[in-house]
Amino acid sequence: MSRTVAARADDLFQIIGPYFLIGLLLITWEMTARAKLIDPFLLPVFTDVLWRIANDLISGELARGVFFTMARTLISFAIASVVGIAIGVGISRIRFLKWFMDPIVFIGLPMPKIALLPVFMIWFGLFDSSKIAMTAFSASFQIIVTVWMGADSVQKELIWSARSLGAKPHLIPLEIIIPATLPRILTALQIALPICLIVELVTEFVMGGTGLGAIMLQASRNADSLGVFAGIFEIGLLGILLIRTLEIVRRRLLVWHQEESKPE
Amino acid sequence: MLVRYLPILILATIWEGATRFWAVPDYLLPSLSSIFGAFIELAADDLWFHLSRSISRGGIALGSAIVIGITLGVLMAQIRSVRILFKPFVQLFYPMPKSALIPIAIVWFGLGDVSKVVLIFIGSLLPIVVSSYNSARGVDEVLVWSARGLGANNREVLWEIILPAALPEILAGVRVALAISFILMVSAELIIGNDGIGFVISSLGETGYYQGMWVGIIVISAVGFFADRLYVLGMRRILVWQESGA
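Those sequence lines, one after another, are chains R and E. Heads up: the first sequence at position 71 corresponds to 71 in my numbering, and the numbers run straight through without jumps. To convert, take the position in the second sequence, counting from 1, and add 1000; that gives my numbering.
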């Protein structure tokens, strides 16, 4: 009898367990904030934050913020991807480029590129172009290095057989190297996307303007802590959405690859 | 060595030559030699103070993230109830851009050290938890079974089998966290500055002392670079017994 009770308790734990900590946290938050145990400026009531998000949604402010942040993040991400993949594949194919870029990438990869933000503000102004340039620059090194390593590890036999089958030399990167490196390229993109999001937000916090980060900055200047908390939730959701989408894209693109047949 | 770094030397020469030849205004790009002059000046002033502030904040935050992150990640992999309780939490927070927490950190912890340390801690914690969890979960079952068959108890399995087998991936996760900690450190100091290298960069840039701003940028870049190099060297030392190396 006691055995079945234990088994049932375990079943219950498996169902409730995953929501337990988050639920506990939210309930504690709601109660302490309602009881005004903590200054409402520091911790607004959780359900009020939800209402605020709903309001932002209805008024269209949320859509506007999401649009600008997402547009700049994705444009920077696209620029960093194209430039990064081109340079990465180029380094592995062209000896001069390898000699020239090797020390630059070696030094540039670990440095905190965000330190150049004031310089980008001077060079590109205070609007979209400097935010996009800063974000794309920050993310591109990671892509270059990962794609380079991946392209270097493409089996020579693949390239040789393509050649002997009559492939034109200038088509080899596009037809052989990039498809063979695709898993590594996608890994690089999966590292680069979160970097794009982090940096995009920092540029909005520093420069203001439009977007979710800029709206949050404005809210924090107005001591509108509901707005700040709503902003965190909105940005968090956007981050989860973008990163999950990229995971799905990876699975779709790699259906043919052996990686897919591996169990999770 | 020299041939390898020749491209850097070439770029530096172009930088110096172009700024002098076309008399590029300082705000666009000061010449390298004038930046070096500013470096001498700032080094005699409070540059090292700001640098030590930045490094100590980053070090405390990253150090505690490493200890707590590896513990939590391995516990999640080993103990089912811990996994069930914490996994959704990690899944929810991992993809969140941690810089979004900067405004909240200011409200809760003020403009001082605490808000920056907490921010860097949270930002670098999650990559470590995730890599420790994945690697400890991914340890070859055969290894664990053979150890148990030879009479190893739970503690021995953890310390002698799982941790060594998971170590390469854990260390790779810590390297990612190291890079993130530098990004968040500089970002936080740019936004909430009263000391640190990020503050040097933003405050000197605002007052128009562009050579000084570039000193800050180059110094923190150099520190980021050497921290990563040092880490990789240490990692290779630790993983020397591995067949494939780091």
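Any given hint could turn out to be false.
A short list of chain E residues far from chain R (calculated; beta carbon distances all over 10 Å) [what the hints assert, rightly or not]:
| # | residue |
| --- | --- |
| 1 | 1055 |
| 2 | 1059 |
| 3 | 1164 |
So the derived label-pair ranges between C-beta atoms look like this [said to hold, decoys possible]:
| # | chain 1 | residue 1 | chain 2 | residue 2 | range |
| --- | --- | --- | --- | --- | --- |
| 4 | R | 256 | E | 1112 | 35 to 45 Å |
| 5 | R | 86 | E | 1024 | 24 to 34 Å |
| 6 | E | 1137 | R | 179 | 24 to 34 Å |
| 7 | R | 5 | E | 1232 | 25 to 35 Å |
I should point out that these hints are in silico values taken from the structure, not numbers from a laboratory. We treat Cβ as the ideally placed atom computed from N, Cα and C, and that holds for glycine.
Checklist entry - Among all the numbered hints in the text so far, which are the ones the structure does not match? => result Hints 4 and 7 not satisfied by this model.
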